[in-house]
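So the protein sequences, as listed, match chains D and F. If you count by the working numbering, then the first sequence holds residues 539 to 1349, one letter each, in order. If you count by the working numbering, then the second sequence holds residues 135 to 299, one letter each, in order.
Be aware that one or more of the hints could be misleading.
Computed from the model, here is a short list of chain F residues facing chain D with C-beta under 10 Å [as the list claims (entries may be wrong)]:
id, residue
1, 217
2, 228
3, 263
4, 266
5, 283
Simulated coverage check for chain D against chain F, where a stretch passes if three residues somewhere in it have a Cβ under 8 Å from a Cβ of chain F [claimed, not checked]:
id, region
6, 579–592
7, 595–606
8, 1051–1063
Residues of chain D placed beyond 12 Å of chain F at every Cβ, according to the derived structure [to be verified]:
id, residue
9, 622
10, 730
11, 741
12, 803
13, 1038
14, 1076
15, 1085
Think of the hints as simulated: they come from the structure by calculation, not from any bench. For every residue, glycine included, the Cβ atom is placed at its ideal position computed from N, Cα and C.
If you want the building blocks of each chain, they are given just below.
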Amino acid sequence: MTSDQGLGTRNQGAGSNDQGVNPNPQYPIPNIQSKKHSIIGTSPQRIEGRAKVTGAATYVDDMQFGPNLLHGMLKHSPIPHGIIVRIDVSKARALPGVRVVVTGQDFPGYTGLYLKDRRIFALDRVRYVGDAVAAVAADTPEIAARAVDLIEVEYEPLPGVFDPEFGASPEAPLIHPDMDKYECVPFIFPQPGTNVSNWFKVRKGDMEKGWAEADLIYEHKYRVPQVQHVPLETHVCVAQQDVNGKITLWSSSQSPFAQRNLIAKALNISHSKLRVITPYVGGGFGSKAGVSIEGAAVALAMKAKGRPVKLHMTREEEFHTTFVRQGLVAYIKMGMTKDGRITAVQNRFYWDAGASTEYGTNITRAAGYSGTGPYYVPNIHVDSMCVYTNHPIGGAMRGFGMPEIHWGIEQHIDRMAHKLGLDPVQVRLKNCLKDGDETLTGMIMHPTGLSQCIQKAANAIGWGEPSVSSGPHKRRGKGLAAMWKAPAMPPNPGSSATVRMNEDATAIVSIGGVDLGQGALTAMAQLAAEGLGVKMEDIRVNTVDTDYSPYEWQTVASRLTWSMGNAVLQAAENAKHQILQTVAEAWGEDIDDLDIIDGQVVSYKSEESQPLKDIVIYGMQRPDGTWIGGPVVGQGKFMPEYVTPLDAETGQGPRAVVHFTTGCQAVEVEVDDETGQVQVLKIVSAYDVGRAINPDMVRSQMEGGAVQGMSTALLEGIILREGVPMNPNFTDYRIATAVDAPLETESIIVEVPQDDGPFGARGIGEHPMVPTAPAIANAIRNAAGIQLDSMPITSEKVWAALQANGQAPFA
Amino acid sequence: MNCDITLTVNGERYAISVPAHHTLLQVLREQLVLTGTKNGCEAGECGACAVLITWPGADHAEPVNSCMVLAPEVDRAEIVTIEGLAQDSQLDPLQEAFITTGATQCGFCTPGILVNARALLNRNPDPSDIEIREALVGNLCRCTGYIRIIEAVKMAARAGKEVAQ
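Please model the complete structure; the sequences and the hints are all you need to start from.
This is the structure we're talking about:
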């Protein structure tokens, strides 16, 4: 890393990883580098664990709003594409007990995170089955349901786009003819007059040279369907407007501040007049990032005369009217020398992005700048195209484009290694990015433990050792896949935190990030305790209330431990500095001789000590009887200041992203050739997390992500017929159960520190589901010699492939 | 139409009037404000709303998805919800084990899984790995990957055996 990017020097040794750069010299960080860390790297239990195992943890739907509560419901479009000819809400309005009916006429503004292409309610045109055309609020859910039925909508159907490759072609009907009028961030490149709302290009090196140097050139097409996140808690929110016009939104959200920002702008109200409160969240996986249904609840509340309005998605609605993961058609062409060196990569990604790409455009950008996978490739040509379709709206999902592109890339590498008679592990080790290599966008790769991860995962699965099947008609095999992923976000997403001291020397940490199960509250408590010098049990961490919590961009991109962690650590260190300044003056000592250990101020020089109790609020008495100090409130903030734009035509630029987390998974499977059933026996995950703040929670992320990845690999896909979702329930859309979970998992932590992470940490939340699907596909190929190009790998597909190979016994 | 029913929930007796079309899940969450029991699908497919029911005349409790039971059906039944699993703030060994092993993440499936696992250990104090997996097949969890949940049930079973000895 070069110093002109303002990051200073990079830490090399594992022992020197706490020299965090202080991004805010206004609040100097005291010298804590000599101290041994007592809490970082240990695994205290989840701080909200007791609330969660007793049923006491409060989620949005558990909050009590009294009999005044109105029940909201959305009127959805039953057709995938059409013009709204007429909406008649008069019968719904006339129904006793109906208090509010709103349509697009009432709230016509556009909204969206990266590209403002979405309205709260469809106004002139519907673009997918489930598009909200109106909403009601009524005294009971039963009345609301009847009112929705009474809304009459006449549509003029339009031809639809149900395949992204077709959607990108000139023959396709336009889904957003007004694309040129949409507001857009500068790093997204819409193509007005087409259905392509972002076209991210990488052009690097000399493709002719790359193909000429290759001994094998292989091209293949891979497909990934739309899938759903399936948080166990569906989307739910309650909105209420008070007598001064101020609106409060209680929302199951990963993005309370982004919701405040987007909804305030869409409804043209002041940020100070919208307050978002997020209690515990029952899972998100990206579906609760940004805004989906919440604008409709606020719209209803603005006409509900002060009554609170609840909008709670049914499981069916959750499947196709909130967010889904985008589908992908990927063409991958790769050149490789006979000794396994990658000479060129040419990829075309057609994203099945759905009816709005307000969030999805940035997924396709991330896929573009990560389009080679975690490998050094000299000659690159990548086109990542975000294509509107008349399908459910694609949004952020755990991995943000990476599971989808790695599905093809990581199978491709394996197949080419196989064709060349090479070991896939050795091919990956040869090509994988190492410290100082140039990535596809021209960024210099930071120190990374990717090679270690590949080696450790291979060792743990017993790579090269034969697999013994459990019986006749059973075939075992092993497979492996590597990955990389950067936090995909604007260049300047900010975090902030406060640490407030109480009289008894406990501290309250306020943050704007959300714990949706990943353990953020606990990790932040650890960072605050370490930075302040108090015990973990003396820290409380607040859930989010935008009126009282400091700003956080969003809980996405696996960025909290790194970004919010920096803010919390700085706030704790700032509080500590304030305390020590007071003590230094009262004792007449140098601040550098003082420290806080286990809640006691200690002097290394005079060997005096005093509990923090009382002095953090009341201050201390000087020898002359006067007082100094006062209530201690530490503050901290973090925002990356070094990410650069990329060239629109070549995708080149000095620093595309803040960093990449890298890793590798290895699996062993058994294929039943009578039924096509695949059992995953073992999943090994090895990731470079920089520094594990809480190693047990890091391993929990690896396990849960691996099983979610396995579930999408084997079971999941939204079945769409002409845009109509056919399986929006858990009987027809299966996710992995306890019976499907692998018999064994092993999670390996590699720690090559991140220069600007708290104690060297970087994110791990999303990464464990990125390589799982291709690792399983590679293991199946290893076991049974069959190739599977499209997810999910159902038993039916496996059996059909075995049959085609002449291997199935009952063909 | 409303029905008058009596039932016992977590040891407390209730005589209430319930809309005949309401589910037990609605009665628990909306009328009794026992919100620990979660609504995940309202179709009996996810297990988040599981509670223990001892039907009138039955000698043991069974785990049931409360979204699939109409309120009038539980007249004279005894019900235990997640709020009733701990005794006088003494956590059930399963609850302890879920905290210790990290078997809860977002926590939304946790009440249903704990209740169902309690029923499993009541009928089989020493279940095998496969028996635990099969008992929990109706409880979806999207966060943990089930590995630690299975481990937690084993840990609680071991704790139960130690108490018994």
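- Item | Interface exclusion of residue 741 of chain D relative to chain F, criterion Cβ beyond 12 Å | holds, 39 Å
- Message: Count the residues of the region 595–606 of chain D whose Cβ falls closer than 8 Å to any Cβ of chain F, and tell me whether that reaches three.
- Response: holds (count 6)
- With a cut-off of 10 Å on the beta carbons, see whether residue 266 of chain F makes it to chain D. holds, 7 Å
- Message: Under 8 Å between beta-carbons, do enough residues of the region 1051–1063 of chain D, three at least, approach chain F for the coverage claim to hold?
- Response: holds (count 4)
- Query: For residue 803 of chain D, which was marked as not at the interface, is the minimum beta-carbon distance to chain F over 12 Å?
  - Reply: The assertion about residue 803 of chain D holds, with a minimum of 29 Å to chain F.
- With a cut-off of 10 Å, does the beta carbon of residue 283 of chain F approach a beta carbon of chain D closely enough for the hint to hold? This hint holds: residue 283 of chain F lies near chain D, its Cβ roughly 7 Å from the closest one there, short of 10 Å.
- Given as non-interface: residue 622 of chain D, which should sit over 12 Å from chain F by C-beta: holds, 30 Å
- Going by Cβ atoms, does residue 730 of chain D stay more than 12 Å from chain F at every point? Holds, because the least Cβ-Cβ distance between residue 730 of chain D and chain F comes to about 38 Å, which exceeds 12 Å.
- Taking 12 Å as the cut and beta carbons as the points, is residue 1038 of chain D off the interface with chain F? holds, 26 Å
- Query: Can residue 217 of chain F be said to touch chain D, with a Cβ gap under 10 Å?
  - Reply: holds, 5 Å
- Query: Does the region 579–592 of chain D contain three or more residues whose Cβ lies closer than 8 Å to a Cβ of chain F?
  - Reply: Satisfied; 9 residues make the cut.
- Message: Does residue 263 of chain F hold up as a contact with chain D if the rule is Cβ-Cβ below 10 Å?
- Response: holds, 8 Å
This entry satisfies every hint, going by the numbered hints stated previously.
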